[in-house]
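Colleague: From first to last, the protein sequence lines are chains Y and A.
According to our numbering, numbering within the first sequence proceeds without interruption in unit steps and concludes at 184.
According to our numbering, numbering within the second sequence proceeds without interruption in unit steps and concludes at 584.
Worth flagging that the hints you see were computed from the coordinates, not collected in a lab.
The model shown is predicted, which means the values in this text are computed figures rather than measured ones.
Each residue gets a CB set at the ideal place from its N, CA and C atoms; glycine is no exception.
Take these hints with a grain of salt, some might be off.
[As the list claims (entries may be wrong)] Just the calculated beta-carbon pair ranges, DEER-fashion:
1. Y:Lys105 <-> A:Tyr533: 22 to 30 Å
2. Y:Glu161 <-> A:Lys530: 38 to 46 Å
3. Y:Ser129 <-> A:Tyr533: 18 to 26 Å
4. Y:Leu104 <-> A:Leu544: 16 to 24 Å
5. Y:Lys105 <-> A:Asp306: 54 to 62 Å
6. A:Lys530 <-> Y:Asp89: 43 to 51 Å
7. A:Glu473 <-> Y:Lys157: 46 to 54 Å
8. A:Glu468 <-> Y:Glu113: 46 to 54 Å
9. A:Lys233 <-> Y:Glu161: 44 to 52 Å
10. A:Tyr533 <-> Y:Thr117: 35 to 43 Å
11. A:Glu508 <-> Y:Ser136: 51 to 59 Å
12. Y:Ser129 <-> A:Leu89: 54 to 62 Å
Here is how the chains run, residue by residue.
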Amino acid sequence: MKKFDILICGVGGQGIILCSNIIGNAGVIEGLPVKGSEIHGMSQRGGSVEAHVRLNCKLGPVIPKGQADLIIGFEPLESVRYLNFLKPDGIAVVNSFPIPIYGLKYEYEEIIEILKTNVKNLYIENFTSIAESIGSIKILNVLMLGFSSKFIPLKKKSFIEAMKVLIPSKYFEINLKAFNYFEK
Amino acid sequence: MQVKYLLGNEAIAYGLYEGGIDASFAYPGTPSSEITEYLISIANDDVYIEWSINEKVAFENAYGVSLTGRRSCAIMKHVGLNVASDALLTSAYTGIIGGLVIVVADDPFSHSSQNEQDSRRYVSFARIVCFEPSTIQEAKDLASFSFEFSEKYKIPVILRSVTRLSHGKSDVLIGERGKRKNLSLNFIKNPEQLVMVPTNVRKAIKKLNEKIELIKKDIEKLKINRIEKGEGKIGIIASGLGYIYTKEFMDIKNKNYPVFKVSTYPIPEKKLGKFLKELKKVYIFEEGDPVIEEFVYICSKKYNPDLKICGKLSGDVKKEGELSVEEIEVSLTKKQKKFFAFSLPQRNPLLCPGCPHLGSFYILKKVFGKDAIYPGDIGCYTLGVRFGTIDTCLCMGSGISIGSGIAKFEKKYVISIIGDSTFFHAGIPGLINSVYNKSNQIIAILDNRTTAMTGYQPHPGTGITAKEEKTIEINLKKLIEGCGVENVIEIDPYKIKKSIKEIEKFKEKRGVKVIIFKRECIQISNKEKKIYYIDKNICKKCKLCLELNCPAIIQNKEILEINILCNGCGMCKEICFFDAIKEK
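Work the whole structure out from these sequences, hints included.
Modeller: Right, dumping it as structure tokens:
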């Protein structure tokens, strides 16, 4: 397996760190070297959040620009902010549901247009409304991970095993449902 | 032996545990805080762990433990080391008994700090030793090894982390808790070593200098400083993340420069000299100050006077912020690669909807106005800079004393803002000084019952210890009265109208006046959540509610709305003149 770099981005409170931890742990379960990076601190206060996960990687914690194989964007504007990390033929899975920026203008249509013109392999959906229909916006992270998992070179059972370790048992069922939602 | 996917700080906690730590002392500070939290979850009752009131107190406690022959650790962020430095510098003179490690997390690029200082500078200043890991695995291994090295030479050892290491993640091989040979675990009286009166100091400094020479010899033998062979006459010296970024750059570009990895300070001079001799040009990649680079200048004189040295001093590497693979490429190729970037609005951190600080700031602005002077401090409330209610932020506990100074010469109201944890950390001497020297200022303590900014750690005012045991709760009001303040009031920032009235009553009194805004942080509050909405038919669009600066209240064209972020504090309902805000 070649190195596979994933960048996850969005807004503090969307469950980005948990999403990256599930991928990282799933990689370690398969015996791969995995590196990653998070930014803590101010993130819970509604700031912009990024997490990097690097599968089969023995080097640094941060993905160099233009090297990510996959971006999982929890918010459209934040996805654009980190687009320069994506490889020319990389994949972006983006949640179309916007989170306004307090006190500033947000040109939503323009943002969606930038995504459509700049990403060859773009999958854009309103994952927030799907999460709500399943039962809670709190499962947005695992729902988006479930959708993205087909692009990630890891086995499904490794993801599930990692989720069992990281998610409290009383929330496991609903998260599993979210993870499997796109499976036909 | 087991492989786990760990946060850097978690790996450091494992390393300390494996290294036989007996006691750990820390004050929370990003990016170091999680080390203590993970240590609590990893260690059984065989490790004593506490949140100390500040870093100086933490270090002195750790030093005390060391004097009983046990292994101890003080954990802090880089600026915390300044607070601890008074004790640290002289502890090198006395030496220590049991291994004493200071884990310091630096913050290049100031992700969440007030400066970018480099802890490695303390090595030559204090005459101690520092280990600098490049990977999370190495951070774990060196955390453990630091105890052994510290104990061997009876010298404090700094383990330097940085944000990307502390908050990086990696597969890590973890081991068992090491067992130590039987030591005599008692405090042994030895005034010549431990009492730094001038006659003893003069002996101690000589001993310390001799000790450093022994350490330098030993460091030449350590394999963690190593030459990695390559091709050509251009070489790279790198430390910390600079090393790992260098490796990745060479991997991507298929380059094979000779590399010297620096992991210790002092830097091994002979080994470095051997590396320098073979080169025409050398690049130095290190995060923070040009510490290695300056040493290379000194060494090159002896080993290779014609060497071209490229680093921060020569302008070949940028001086500020973090390194990255891209920065290494720019330095080595002199080409700035273009990555497309769109100009986007910044999503800056905000105070949470329902944050009691929003109420406190609203109240202060209503009573004292925008023109009053608000010396500030360090915590979530520093974000009040956006509302004009934070005018300074320098270091922990500084606001009160800065306020005192300003109030001596300014006729305007001076209201110093400080949080509860910060007040305990370093605010108390400033308060007493203010009272004693007849300052005429108002001090607002925003008491949210936790250390919120760094992840809700307890402090002496909470009545809970690091291990969640009950302890004596220091009563802020009594403490402040005990400091000689005659005018202290305790108010609830959610009760806006009542608070304004109470402050109006006492604001003109002379001397130091203290307002304690007491209300639990919304993130740890267990209160049942109500949700509010604005009734469009009643709302007169006066926009008074927007003055709260609550992220849940938004203006959509001309309509005011409360969005899904609402945490149900009810402050907006209280200030609305027209009763347009209602509970859902």
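Colleague: So, for every hint listed, does it hold in this structure?
Modeller: Hint-by-hint comparison with the structure:
At about 24 Å, the beta-carbon gap between lysine 105 of chain Y and tyrosine 533 of chain A stays in the expected band of 22 to 30 Å. The hinted window of 38 to 46 Å between glutamate 161 of chain Y and lysine 530 of chain A holds, with their beta carbons roughly 40 Å apart. With their beta carbons about 21 Å apart, serine 129 of chain Y and tyrosine 533 of chain A fall inside the hinted range of 18 to 26 Å. The hint said 16 to 24 Å for the Cβ distance between leucine 104 of chain Y and leucine 544 of chain A, and at roughly 21 Å that hint holds.
At about 57 Å, the CB distance of lysine 105 of chain Y to aspartate 306 of chain A agrees with the hint of 54 to 62 Å. Here the CB-CB span from lysine 530 of chain A to aspartate 89 of chain Y is close to 50 Å, well matched to the stated 43 to 51 Å. Remark: the range hint 46 to 54 Å for glutamate 473 of chain A to lysine 157 of chain Y is upheld by a beta-carbon distance near 49 Å. Against the hinted window of 46 to 54 Å, the Cβ-Cβ separation of glutamate 468 of chain A and glutamate 113 of chain Y comes to about 51 Å, which satisfies the hint.
At about 51 Å, the beta-carbon gap between lysine 233 of chain A and glutamate 161 of chain Y stays in the expected band of 44 to 52 Å. Taken as a hint, the range 35 to 43 Å holds for the pair tyrosine 533 of chain A and threonine 117 of chain Y, whose Cβ atoms sit roughly 38 Å apart. A hinted range of 51 to 59 Å holds for the C-beta pair glutamate 508 of chain A and serine 136 of chain Y, which are about 52 Å apart. The hinted window of 54 to 62 Å between serine 129 of chain Y and leucine 89 of chain A holds, with their beta carbons roughly 59 Å apart.
The earlier numbered hints are all upheld by this structure, with none contradicted.
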